[in-house]
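As a plain string of letters, each chain reads:
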Amino acid sequence: MKDDTTIRERVPNIFRKMKRLGYYWRLFPAVFWLGAFLILPLSVMFIFSFWTMVNFVPTPTWTLQNYLDIFVRAEGLYVKLLFKSLGMSAAVTLGSIALAYPAAYYISMRGGKYKYVLLPLCITPFMVSWVVLIFGWRMVIGYTGLVNTLLMNVGLISEPVRFWGNWMAVIFVLIVSWAPWLVLPIFVSLEKIDRTLLEAGEDLGATPLENFRKITLPLSMPGLLIATFFVSIPTFGEFVAPALAGGASGAMIGSAIESAFKRMHDWSFGSAMSFLLVIIALITSLVLIRKAGLKTLMESL
Amino acid sequence: MLQGKRILSTYFYLFMLVIYLPLLSLLVFSFNDSLSAGFPWKGFTLRWWETFFSDPVALTTVKNSFVVAVATAVVATFMGLGVAFVLVRRVFRGQNVLLSSLVVPIAVPYLLIAVGLFLLLRVGLDLEFSLFTVAIGHIVVALPYSTLVLMARLIGFDRSLEEAAQDLGATGFTTFRKITFPLITPGIFVSMFLAFIISLEDVIIANFLVGGDLTVPMFVWGRLRRWEGLPMAMALSSFMVIIALAFACVFLIRAVSPGLRSPPREV
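Sequence lines, in order, name chains U and G.
Quick note on the working numbering: the first sequence kicks off at 1 and runs consecutively.
Quick note on the working numbering: the second sequence kicks off at 1 and runs consecutively.
Any given hint might turn out to be false.
[What the hints assert, rightly or not] Straight-line Cα separation of at most 27 angstroms, DSSO-like style, residue types lysine-lysine; simulated pairs:
no. : chain 1 : residue 1 : chain 2 : residue 2
1   : U       : Lys115    : G       : Lys63
2   : G       : Lys5      : U       : Lys192
3   : U       : Lys262    : G       : Lys5
4   : U       : Lys192    : U       : Lys113
5   : G       : Lys5      : U       : Lys113
6   : U       : Lys84     : U       : Lys192
7   : G       : Lys5      : U       : Lys214
8   : U       : Lys295    : U       : Lys214
[Said to hold, decoys possible] A short list of chain U residues far from chain G (calculated; beta carbon distances all over 10 angstroms):
no. : residue
9   : Gly165
10  : Leu217
11  : Glu258
Read the hints as simulated data drawn from the structure, not as lab findings.
Bear in mind the structure is a predicted one, so any value in this text is a computation, not a measurement.
Glycine included, C-beta positions come from ideal geometry on N, C-alpha and C.
With the hints as extra help, turn the sequences into a complete structure.
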């Protein structure tokens, strides 16, 4: 009798266990994909960064020379490029957030019933390919573009100004192209602010500016952090805007990586630069997402 | 106070104007009867659009882009759905590791993922680059977005509905079909849309993994870099702009039609 019950209890238990384990097959496709096409490629890159290209063939030499080269090759050109890129990323981040914040604020606080009409309208330009957007900006601020033509017609300048083809054009294009996308996370964080707090502040005699500085801005911080995450990480590796809008002075570290792989065939040096950038980007992301919370990121999509 | 409001709304409309300016310029100047892309305006022509629609190479790039984008949308959403279910509904060891590695594709620049895949596929596996390899890369970067969107949807999911169905005798599959799936459908749509757009507009990953068959952004990128055939590239770019605007219209209809979205909170 006693054995009978244990068996009867044990059998459903095994079934339940199998069923529970069976649930995890759902993970398999994604885990396989991430393993094969994310972790493995980054590992290959890591390994390659210690190899040397001998006659365009990667050869396992296990050297730190590639990392050293970032600092010494071409009189430190590459390390300068790295710092310049980080500086440009910071400028782009600040600029695009400054541009997006008032727009998000307007939609959230004054949008009324048109909120969810204005928001998608605002994001739409970001759904166009990067290359197409940059092409469009060339039409606007290029040598024969809209701005130059207008300024010449008004008579402010006698010949076109070279807005295009330098580092300022790169920063400008990146700022205005990222801003629409940053409206979203900032808007989401502004929406979550309890409006009665603002009323309370007003009742206690705070000016609108004080209200903004003491209530709205601190409470929208998670959105700002996610916005920073959205713009700064891709800008670290930007090479499209520098190639099309940057000219000689607009090159970024991404341009160096791209040309190491696509033109110079210098894969091991390119891998070292890439891996250094992976580390920088991962640390930045970790700090930003930790502070903002993964939930905020989720809600911002 | 009133002045502040006016400044803010003026800023907003200026902002909208500026972000649409490049798109409008492309649209308008794709009808310009000039061999160069830019001013002066030399008259209206449909020549560049005709060139685009009669150029088999350009049309193929459009087809290629859509094939890759649809594949990315479907596969990334399918994979994301599986991960989202397990991550939201189960507690297990290694959960945080999985979640972190899931965010990695958006926590490093796409360029570096493209470089890694370039090395693995070209050097490691000796694969010929094609649209297939582009799709591999696109799925990697779309997966985090898909998963996060679906997770957000599942976290807000009322599980008592599923339990009720099961109490009433529904099988696991029926419960999924009748209860779970309809409730997460909006999430699936958003996930597919995001993945589709990510793939359609990408030039970074395609730049490293594309073979002979180009996608639209790669085609435009090539033309822009070599400064050739720009007017036709402009028509093609405008075509992509129109597609983006069409998507925006879908969202607008969604936004204004009642029932599809909870009404905006009264302020």
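Can you give the numbers of the hints that this structure goes against, from lowest to highest? 1, 3, 6 and 11
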